[in-house]
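Hey, can you work out the whole structure from these sequences and the hints?
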Amino acid sequence: MRITLKIWRQPNSTEPGAMVDYALDDVSEDMSFLEMLDVLNEQLISAGEEPVAFDSDCREGICGSCGLMINGQAHGPEVTTTCQLHMRSFQDGDEIVIEPWRADPFPVLKDLMVDRRAFDRMIAAGGYISVNTGAAPDAHAVPVPKEKADRAFDVATCIGCGACVAACPNGSASLFLGAKITHLGELPQGQAERDLRVVNMVGQHDLEGFGGCTNIGECTAACPKEIPLDVISRLNWDLHAALRHGH
Amino acid sequence: MLMAVTGLLFVLYVLAHMYGNLKAFSGHDAFNEYAHHLRTLGEPVLPHGGFLWIARAVLLVSLVVHVYAAVVLWRRKERARSQKYVMRKPKNSTFSSHWMRWGGVTLLLFLIWHLLNFTVGKINVQGGPTDDPYDLLVDSFDTWWLTLIYLVAMGALAMHIRHGVWSASQTLGLTNNARARRNANVLGVLLATVIAGGFSLVPIFTLFGVIS
Amino acid sequence: MPDTTNAYDSSHTRGPGEQEYDDAAGYYVHGDPIQDTKAPGGPLEEMWGTRQFEAKIANPANRRRLSIIVVGTGLAGASAAATLGEAGYVVKSFCYQDSPRRAHSIAAQGGINAAKNYKGDGDSVYRLFYDTIKGGDYRSRESNVYRLAEVSVNIIDQCVAQGVPFAREYGGLLDNRSFGGVQVSRTFYARGQTGQQLLIGAYQALERQVAAGTVRCYTRHEMLELVVVDGRARGIIVRDLVTGEIETYFADVVVLASGGYGNVFYLSTNAMNSNVTASWRAHRKGALMANPCYTQIHPTCIPVTGTHQSKLTLMSESLRNDGRIWVPKSNSDCDKDPREIAEEDRDYYLERIYPAFGNLVPRDIASRQAKNVCDEGRGVGPEVDGVRRGVYLDFSDAIERLGRDAIESKYGNLFDMYARITGEDPYEVPMRIYPAVHYVMGGLWVDYDLQSTIPGLFVTGEANFSDHGANRLGASALMQGLADGYFVLPNTIRDYLAEGPFEKVPDDHPAVLEAQEAVRSRVQKFLTTNGTRSVDSYHRELGNIMWEYCGMERTEDGLRKAIDLIRGLREDFHRNVRVLGTAESINQSLEKAGRVADFFELGELMCIDALNRRESCGGHFRGESQTDDGEALRHDDQYAYVAAWEWQGEDQDPVLHKENLTYEFVEMKQRSYK
Ligand SMILES: Cc1cc2nc3c(=O)[nH]c(=O)nc-3n(C[C@H](O)[C@H](O)[C@H](O)COP(=O)(O)OP(=O)(O)OC[C@H]3O[C@@H](n4cnc5c(N)ncnc54)[C@H](O)[C@@H]3O)c2cc1C
Ligand code: HEM
Ligand code: HEM
Ligand code: SF4
Ligand code: F3S
Ligand code: FES
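Protein chains in written order, with the UniProt record's numbering: chain A, 1 to 247; chain B, 1 to 212; chain C, 1 to 674.
The hints are all genuine.
The calculated DSS-like cross-link candidates involving lysine-lysine, where the alpha carbons are at most 30 Å apart (straight line), are:
id : chain 1 : residue 1 : chain 2 : residue 2
1  : B       : K122      : B       : K23
2  : B       : K89       : B       : K77
3  : C       : K410      : A       : K146
4  : C       : K658      : C       : K134
5  : C       : K119      : A       : K146
6  : C       : K38       : C       : K285
7  : C       : K410      : C       : K371
8  : C       : K336      : C       : K371
9  : C       : K561      : C       : K371
10 : C       : K410      : C       : K336
11 : C       : K285      : C       : K504
12 : A       : K6        : B       : K89
13 : A       : K6        : B       : K77
14 : B       : K84       : A       : K6
15 : C       : K669      : C       : K371
16 : B       : K91       : B       : K77
17 : C       : K119      : A       : K148
18 : C       : K56       : C       : K285
19 : C       : K285      : C       : K561
20 : C       : K410      : A       : K148
21 : C       : K658      : C       : K561
22 : A       : K6        : B       : K91
23 : C       : K134      : C       : K371
24 : C       : K38       : C       : K56
Away from chain B, derived, C-beta distances all over 12 Å, residues of chain A:
id : residue
25 : A23
26 : A135
27 : A192
Please keep in mind that the hints were generated in silico from the structure rather than gathered at the bench.
Keep in mind it's a predicted model, so treat the numbers as computed, not measured.
For each residue, glycine too, the CB sits at the ideal point set by N, CA and C.
Right, dumping it as structure tokens:
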């Protein structure tokens, strides 16, 4: 099939960028979206133009490296990651607009690549359970009810891709944050630091410059791992509880 | 949080207010009695109009807080996404959620007019009496464009409440599972229809002469 | 297939490691044997305890003055960096991704082994040890493997305490499953995302140390050179992938946890940017590369659809429990709708050749047979470069027998993934699968302490060669990565560090300047070659050569041919590659060029190693060494050694050092699946 692409090109984080048009003639519907971009890049290289920069690593939908705004939707029209999106979701003759994630805490580094280290800093602010290596009791010392374990797992599947931020009209990272708070908060191991964790992580979230959540719900629709909105409710609940406890 | 609490206070207030307004259907005296009752509530503990003043104070403070919180959120959003997308296609959100801010502004404008109309300024556009609440009301809504303003405001209110109720439940951390989430949404729709619908009855019926 | 099977003369008596054939003669030079001198003697059960006790302890106050570089943030690297940070050392952690959490370990699906014996089904440390030795086809060290089995138990405790949400039973206790044809249930799992959950646990522990100030993370930094001063590893040269800056970092010790090099095959289940550069640069500085030819090929991957293909996706092996594998008997049926091919025209070749094990034969056998039928022209699916590379994995019998719902509940997510990638509905049309490179057992040579032949350079995880011999059991790579990082390395490295801190390296030390200059000139050279072909096109071609001649079946002729082809292609690459853009910004073509250049050199060494090893063991199958009915044939008298290669210089033959493997506790046996 034939595809027209409108891609954001930006040489680095300081210079301005702009949309540039490209045409691709021989796109197979079995290609993944990123393979389509690989083909474009080969074409650009032979024409002596610099290839389009974008992040990807596993191309299996698990590492969270990839992430593009495709026709105004984070990760494109399907509920999956950009690397797992295939060209059969598009039609011959389509025009596809590709932009990077847009959020000030995620500055564009080049073309479609952004810097998501703000997420790491939020985790460093408290997204862990403090246990030194070797200090752990036997794994069976604390049983965890299956429903709790399952729920913790469901939300622990977050891949840190940033689509929630990209999709949120407020540029809020509440879904990402809520997923971590819920994951660790569901488990008995996570209770000791529960109050402090939420206060510190929310503090870091705001410090990074993410927007406030007004419960619009675009984030969950864009999330490739279908993290549900109730994690945000959980986040708020825990936050209020922590504030009540005087943190 | 502040937003949610003040917002919910508003919801309670408008609910009561709407109930009061519906007394217009019971006629001139019932309505005026209600307006009077508002002022005597709490007597003799409170001076005449005491309850009303307390309510007004609470509402006023809430309003300031609510608007302040709204402005903060708005500014944070602007800072978090200073560079806009060339193309945006929402996937999941409701229309009402996107209209919270402009809807809020509409409500604020409405409120200013409304207070001028009925409380502070008591403007009777038909030049009739302004010291009889019932007559003021009837005269106001006999005017088609005034009714229209009110109905537009009620539209904005409905949307604001629909998203607001759901949002406040979420903000207060009451929606920790899928069922609670659905309930909050249903409650939002319900309250929005009841309140906006209830409010609208008076102007509409007045316009068409049922209340006169 | 050359008929040399019986040419092997077992009556001749030779000393251990003395080979009857010297296939690789002319490609390498003989070197002195090496030995692992760190493993203490005595009973297996006591070795690790003894070593931990004997290893010196760096005084806690001193640790703040001792610095450690850890390259890699996968299970091995992140766990090591976090643990060393907790111990109070000054740690610098590097990875090429934008976040440590994205390391390739995240993609592991199946699970992690541990000898917990929670099921009470007779598992034990000894049994895990035994299974690993046997699974590795008797090409790994007993001492290392026993230790691995021993500490496996602690890994699970540690991970659970970190909040890793392993699957649980209704009683609240951990669930286990049996994996990879093992008779006991010792695999802990978190649905199909075990690697992800374990890595996030390690990553969080790492970020906790970042907050505590003991670890500093350098993301989007690629190591391009090792700095060796006075014989010790003292630092690394990296390129900041965002600014293009060439930076130098010093430390008292360098740890490589940079993962495997399966991407030398271009198509593999590894992440796109997995590479050998960190290891290879260390190899060029004197670290020996051990058993590079040992690769594991996984039979159930989604087949290639065209030349655009950038990577292969693994599907869990568990599919073979219920699916039946077949191809048409006649190649004229290959492009037919499979549902219209009559039962009698189908060849269920695994069930035919291995009636006892059928579709459940080990990974390497299933893989090799799939290649054979496709090479015969009976493959199915789209033709890529003139060959159809795919076989059917058919669930129609299972669906009929168990019902669609049962299949859905067992494999639903895999079926969905398959449907998303291929656009075909596996409930209706048989799946198509094909083998793909998945894991490499080879890697930098390390002793019992995980120290390479360069003092101060330690290597952990998939990057080292240590524990899996010639073949790795399913769910054991995650175990090894975490064992190395949480428990082994932090205990052995202190012995080395007790002598530190070492004298500060001056910025203008000749070794440093030389290393910096090497990196700069390499980068400049790529950018100024101004050729006509893209880096990817070379990588793809190299991958084809490797897959064809150094893949599932290797022969003397094929390997010689491959070496010639690789040498020619490499020369062409350095003359004719086109890398656009600048060095001072993000430049993904430039990054790839460096990686591919190293893959060329590695690929050649893999072929030489494979050529030398004229036996079939584990993942290495030499056409010349098989039984009459086509089974792998090991030659323990000649090849029970680790082949550790020393770099001599570009265009110079590598030196082969042998480490003899002796088995004191386990008896060596030939495996059989007929
Ligand atoms: C699809 C798939 C499924 C698997 N499933 C299982 C399973 O179920 N069970 C099991 O036990 N094993 C499994 N494995 C194998 C296992 O995942 C890997 O062997 C293991 O995760 C390797 O971990 P590692 O820490 O050694 O390296 P990796 O996780 O590969 O990490 C490498 C790190 O090194 C960094 N790095 C590399 N080069 C450089 C450089 N030059 N400069 C700077 N940084 C660099 C990278 O950024 C990364 O952080 C699977 C493998 C694959 C491909
Ligand atoms: C007077 C002018 C008003 C303005 C300017 C205003 C503005 C806003 C804004 C900007 C929000 C932000 C939340 C979002 O975008 O989702 C909000 C939330 C809300 N508003 Fe208002 N509003 C006003 C009046 C009202 C009234 C009259 C009510 C009740 C009937 C109300 C109830 C709510 C509720 C319940 C919320 C949700 C709080 C939360 O998100 O936690 N508001 N308002
Ligand atoms: C059609 C709908 C409405 C009608 C007919 C109506 C009517 C009135 C009347 C008659 C009064 C004067 C009462 C008195 O002074 O005794 C009044 C006061 C007031 N109304 Fe409304 N109202 C309507 C909608 C609203 C809405 C939607 C809001 C809020 C968002 C609102 C907020 C107020 C407030 C704050 C006062 C002042 C009360 C006071 O005196 O302190 N009204 N309204
Ligand atoms: S919550 Fe979803 S969208 Fe957000 S980072 Fe995690 S996986 Fe991505
Ligand atoms: S879209 Fe944004 S406003 Fe909240 S619910 Fe999601 S973070
Ligand atoms: S590349 Fe890893 S999730 Fe897309």
